[in-house]
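When you get a sec, could you build the whole thing from the sequences and use the hints?
These protein sequence lines are chains V and A, in that order. For the first sequence, position 172 (counting from the first letter as 1) is numbered 172 according to this note's numbering, and the numbering increases by one without interruption. For the second sequence, position 266 (counting from the first letter as 1) is numbered 1266 according to this note's numbering, and the numbering increases by one without interruption.
The set of hints was computed from the structure by calculation and includes no laboratory data. Remember, it's a predicted structure, so these values are computed and weren't measured experimentally. Glycine included, C-beta positions come from ideal geometry on N, C-alpha and C. Among these hints, one or two may not hold up.
As the list claims (entries may be wrong) - Chain A side only, calculated, beta carbon under 8 Å to chain V, not exhaustive:
hint	residue
1	Pro1184
2	Ala1200
3	Leu1410
4	Asn1449
5	Phe1453
6	Thr1460
7	Thr1539
8	Leu1540
9	Ala1544
Unchecked claim - Beta-carbon label-pair distances, calculated as ranges:
hint	chain 1	residue 1	chain 2	residue 2	range
10	A	Ala1327	V	Glu86	30 to 38 Å
11	V	Pro27	A	Gly1081	39 to 47 Å
12	V	Glu86	A	Ala1152	28 to 36 Å
13	V	Ser142	A	Asp1134	52 to 60 Å
14	A	Ala1152	V	Glu145	27 to 35 Å
15	A	Ala1338	V	Glu145	52 to 60 Å
16	V	Thr243	A	Val1198	51 to 59 Å
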Amino acid sequence: MRPRRGSCAIVAALVAALACLCCEPTPPCARRFVPSIPLGTVPNDVAFGVCAGAPVALVPASGDGRLDVLDLPCGELHSSLPFPPEGGRPATPWAVAVDGDRAWVTLQGQHAVVLVDYCAGALVAELRPEDVIELDPPLHLSAPEDVDGDGEAETEVRRLSPRAPEAVVAAGGVAFATFTNLLEAGLDVAHPPVIGPGVLARFELDADGEGPRTATLPCTNPQGLAWHDDALWVSCTGPLGPTIDSTVAALGDGALVRVDPSTLATLEVIAAGSFAPGTPAILDHAVVVGSLLRPALARIVDGGFLETAVGDVREIDSVFECARIDAAVGARALCTHFSRDRLLLVDVPIDDLHVAAELPVGAGGAIFRGAQAVAVAPPAARELGVGAAVVLGLSAELALVPVELLP
Amino acid sequence: MIAAAAAAALLGVLMGGQTAPPSTTVSAPRPAPIDDGRAALDGDALALAVPEDALGALGAVLLHDGGPFSPSRVAVRGLSGVRLASSFEGLALDDPSGLHVDLGLLPWAFADQVDVQSGAGPALGGAVRLARADRDRPALRARVLVGELASARAQGMLTTALRDGALTVGADAASTSGAFSFLPAGAAPGAAATTPLVRANNDQQRASALAAAHTRMGDLHLEGLVLGAVHAGGVPGFALAPTRGLRGEDGLVAGSVGARVQLGAASVGVQAGGRGSHRATEGPRDARSAVQSRALGVTVTAAGVPLGDDVDADLRVLGSDTSARAAAQLYQRVAAGAGVAARARLGPARLKVRADGEALSDVQPLFSGEARLELGGPLAVSLGVARAERAPTMAELYAPSGLVLGNPLLTPERAHDVELALAYRPGRVVQARAVAFAGVIDDAIAYLNQNAFEIAPVNTGPAWRAGAESLVVVEPTPWCALESSIALLASRVDATGAPLPLAPPWSSRLALRAGERAAANMSVLVRARGPAASNAYGTLLAPAVALVDLAARAPLAPGLWGSVALMNLLDVRDARDQNQLPLPGRLWFAGLEVAQ
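This is the structure in structure tokens:
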């Protein structure tokens, strides 16, 4: 019995429809704007780069011990570079800074700074400062550990090899990284953190085999860096730990320090008290920085430190990072408000600081996603509609901010 | 004939697990009964940790830190932790502080059967219940097991007759180095990561003991049961972020004594029991936290009270006092409750209803109930609705562990479920069971960040879940059997718009046995699950995983059995559990069993 022509036509139409569905080419990455890109475990920072002329985002996934490079604006994985544990010690890649086709990554858990070819996903060099810091009076650990690099574990620490690097900035073949020298985290009131003086290190690509130069900072716990033109600022939170009244608080004074990029000499120290400043942004005539411990911003103008609340400062909240964004009306700052899933567009006129706009990067509310780190997009990414990228630390996502939302 | 025997020897399967002791019930698993909406399986206690195979057959999914004897927990229809209850022959084994019990602390070595109650019932999300198959039969059984990762386990249990009763004692001890090799996960497609890593700080030591006795003196039935389990081991941390020297230890002890007397058609009993727990973690420097808790309770029951023609009921009254101590703080909860369960015959159908109420000193009263209509026959049908409430635990209210914040404003979370179950049993060759369910959870409690530094439990509002489960057993001959189970789950938490965390959308299990259970046999087991969200937002996915196990077992002499097992036969070394924790590659184990 011959099949009826109508049946054949229906089958043919179905096959054709399926073929259309299956064979439709995936649009190129440039045509797929994915506003929220899943990341790995405990993403901690973001930076923009360019691979073969196309923009990418670099994200250190601290919990996974790797640096992921994502094509933009679709978020597909371009390359991934793992940093395996050494001797049971996790790498904990912390922050990333791009300099052309290279990137500098701080490995907080292994006390190293690495230079990588991020497009190829290849390690170029691993660097550790060779300087040793003399401590007087010495610090005391509750359990022995080799922190001076002599191969012997000690509980009384008189010499210290720079440890626990966190912030990094880079440009023109030069990079700066801060070493927090956090030896023991604060567990409870009876066990405050053990922390050495902060260290700033300068790395150069053409250093002719010489190691990085270091300088001891006049503050502790340097967690933020900003570098713009000839200005280099380091922000130190001071020691953080639990108190009787709070899960976390500033146990000592923080500071912002202006450093000479060439000599690493301290040029200016701005006392920040219990503000616990995060990563600052250098604007045209001021520096803007948020607090790690309360919903507040501060501006530094002519040696003055002026705090402005952006929420109920009785609550623990964080504005982890600010980044400079250039606009026609002058430079502004984009700052991450952690518990509100907001990107704050901060205007700093001569004698004021105010939030000009709040850009949502998550739902906010009771189950917020944790706006943590921000990077302002370079021209290559802006051409594809990406204005900025924000790491949502709790939900492990990268939120892309459309360029039209930014000034 | 020779070819068939060779094939049987090559492909033989041990359906209930890799190393069933001869004295356990060794019949092929039957479709779970549906008369009370609960699954049941004759099974054995897998010697390595917990019987993942048996739990998988019952629709449960295991989460574990990886490696033999490592801490683990079970998820049922997307719910786990304190939402599930656990017990051994009716003795509750839940941690009084309200921290979830490590599944490895349950007395698997002394159990022959495991039930998984799925869905809302006496507990919010279900229960894992262990029991012995025959408490009266005198028996001696012992087993030693050795394997990779310096793993060793020894266990023994003796049951001897008492006058009109029996006495059972047992002990079990296990240890492993736990340091297994694994590969970085391919969670990110294209990730260039092939350097093998070692899961360090993963040594585990376990021990448990049991003493149980029961006797009859005329119409009076007396029984006592004591169980204890301890565990200590490294806390390894994330895959590529290992902890350094963080240790954990926990212990659980529970016991009860009871008396029951027959008064006419009813059985009236009183049972007094208690349980206690100790949990501590410590780093290289000092103790991080330590919590001790205990609970004492009395229950009076009257079972089988006739209420009329074809109607009878069980009545229950209980009182308990629970406390938890941590960091010089003492938290206490006193509770009193009552419940009734009635059964009625309605023509060919049976109707079961249950209602329970409980008043607590620190939380608003709780009410739960259930109604189920059953129809028997080769095609059995059961339709049930249930409501359950769970009080916030003391850990959630007061955070005695000190690791996270407590939330004294928490309200109970509630679950309402409806379930339709079908069981088809045309004969011995093929048996099948299918269940469809749906339900809502109100005021679901979840641990959420309050800011970048603090985590606290919060009532997050409504969530729903729905799904289906199936189990098919085909046993054409005594020396060949095939068993397949599949569980499907869809869920959504309104507050996040994401599925329930750690709940895979599907999980499956396929087991093939060749060789009779009571003779030499071999088994192949394939267990798989779909991708599961590792966080509350559904944005961090643990990839799908499929693992194959192979086991063989044979009698070496009368009463003496030998067994070998290969876990993860295909040596998949980048597998992760739902918490992103690495699972071990191929591991071999060998055991000797004595049964008299």
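Verification of the hints:
1. Pro1184: Check passed: Cβ of Pro1184 of chain A comes within 5 Å of chain V, closer than 8 Å.
2. Ala1200: holds, 5 Å
3. Leu1410: violated, 13 Å
4. Asn1449: holds, 6 Å
5. Phe1453: With Cβ-Cβ at 4 Å, under 8 Å, it holds.
6. Thr1460: holds, 7 Å
7. Thr1539: holds, 5 Å
8. Leu1540: holds, 5 Å
9. Ala1544: violated, 15 Å
10. A:Ala1327 x V:Glu86: 30 to 38 Å: holds, 36 Å
11. V:Pro27 x A:Gly1081: 39 to 47 Å: holds, 43 Å
12. V:Glu86 x A:Ala1152: 28 to 36 Å: holds, 31 Å
13. V:Ser142 x A:Asp1134: 52 to 60 Å: Taking Cβ atoms as reference, Ser142 of chain V and Asp1134 of chain A lie about 54 Å apart, which means the hint holds.
14. A:Ala1152 x V:Glu145: 27 to 35 Å: At roughly 33 Å between Cβ atoms, Glu145 of chain V and Ala1152 of chain A fall inside 27 to 35 Å, so the hint holds.
15. A:Ala1338 x V:Glu145: 52 to 60 Å: The hinted range 52 to 60 Å holds for Ala1338 of chain A and Glu145 of chain V, with Cβ atoms some 58 Å apart.
16. V:Thr243 x A:Val1198: 51 to 59 Å: violated, 39 Å
Hint check: violations occur at hints 3, 9, 16; the rest are consistent with the structure.
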